[in-house]
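Asker: Read off the chains here:
Protein chains: 2
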Amino acid sequence: MKKKILVDMDGVLADVYRSMIEKEYLSKGKYVTAEDLNGLDEYEAFPNAREIIKSEKFFRNLSLMPDSIEGLKYLNEKYDVLIVSSATEFSGCINDKQNWLEEHFPFIKWQQMIFCGKKDSVMGDIMIDDHPKNLDYFKGEKIIFSQPHNIFKNKDGYRRVGGWNDIIKIL
Amino acid sequence: MKKKILVDMDGVLADVYRSMIEKEYLSKGKYVTAEDLNGLDEYEAFPNAREIIKSEKFFRNLSLMPDSIEGLKYLNEKYDVLIVSSATEFSGCINDKQNWLEEHFPFIKWQQMIFCGKKDSVMGDIMIDDHPKNLDYFKGEKIIFSQPHNIFKNKDGYRRVGGWNDIIKIL
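Chains as they are written, first to last, in the working numbering: chain L, 2 to 172; chain B, 2 to 172.
Honestly, the hints are just simulated from the structure, not real lab data.
Hints are supplied without guarantee of correctness; some may be wrong.
You can't tell identical chains apart in this list, so a pair holds if it fits in one copy or across any two.
Claimed, not checked - Calculated cross-link-like contacts (lysine to any residue; reagent style SDA-like; alpha-carbon spacing at most 25 Å):
1. 24 / 74
2. 24 / 139
3. 4 / 93
4. 74 / 92
5. 4 / 139
6. 24 / 141
7. 170 / 26
8. 3 / 90
Since this is a predicted model, take the numbers as computed values, not measurements.
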């Protein structure tokens, strides 16, 4: 039987930081780099993050993380993949998230999607996520996907990947 | 620590059959009772079920199951409640499902919601569902909520409840 792997969307399949940086530039003319944001959580990095997230179609138009399509295709052949996304905090965004996933990853079936509030009730063998708060409660193998907010958060039991190329190498 | 209880939406909190019967009556002038439908699955009972489900705002306007508000309030005080709903098959309906839940059950927080394709990766101690396909894979206590499609499907290990009054009595 294939191992079950839980894959996060925001910060793993979707390059939320890139989209945030673009929104920030368009609204304030201020261009920040991902490096400027190292060690800051999303709300420190973008004080108006909540407004940006709630803006029309934010989740429908997110940038793709580099190599995520090839990477997820690879995992989907080798593992039992479940996409597990935190999605209920900002009411009204889930349709956009599902449509985005269907557009960019049409090989992922509806049976493989979970949109939730907290991830601590979802079982699997391996979890790829950028948020320690999700990985901490997971019972299986924990893989942290590097993002500016987690760059200094190394813990025992996490394997860190810098991007999808790393995932393909180790899984 | 409170026990974790997974509660289904359609056929448990939402009276989908009642809404289907009303739609059928409005479109075909044909009035069926829930008894006429005993033993038939949803697609046998309503040959145009897919069209009804996909119709504008179907999930936003579903009828409430009798006593579901009081029943869920009771469970929410005594247990760690998670609402787990199959919601990804018909793309574009999840926002309506979430808004419906927020309107009728405002005491349920966003952290307590899971919208998924399959429920077999969600952990808990007790599951209340009307579909044997969901209960079968569950490792904890299985409670089947009577609906016309499941009325003759009794299995060892299921406790059957006829409605929310029964749930309050046994849990």
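Asker: Identify every previously stated hint that the structure contradicts and give their numbers, smallest first.
Answerer: 1, 2, 3, 6, 7
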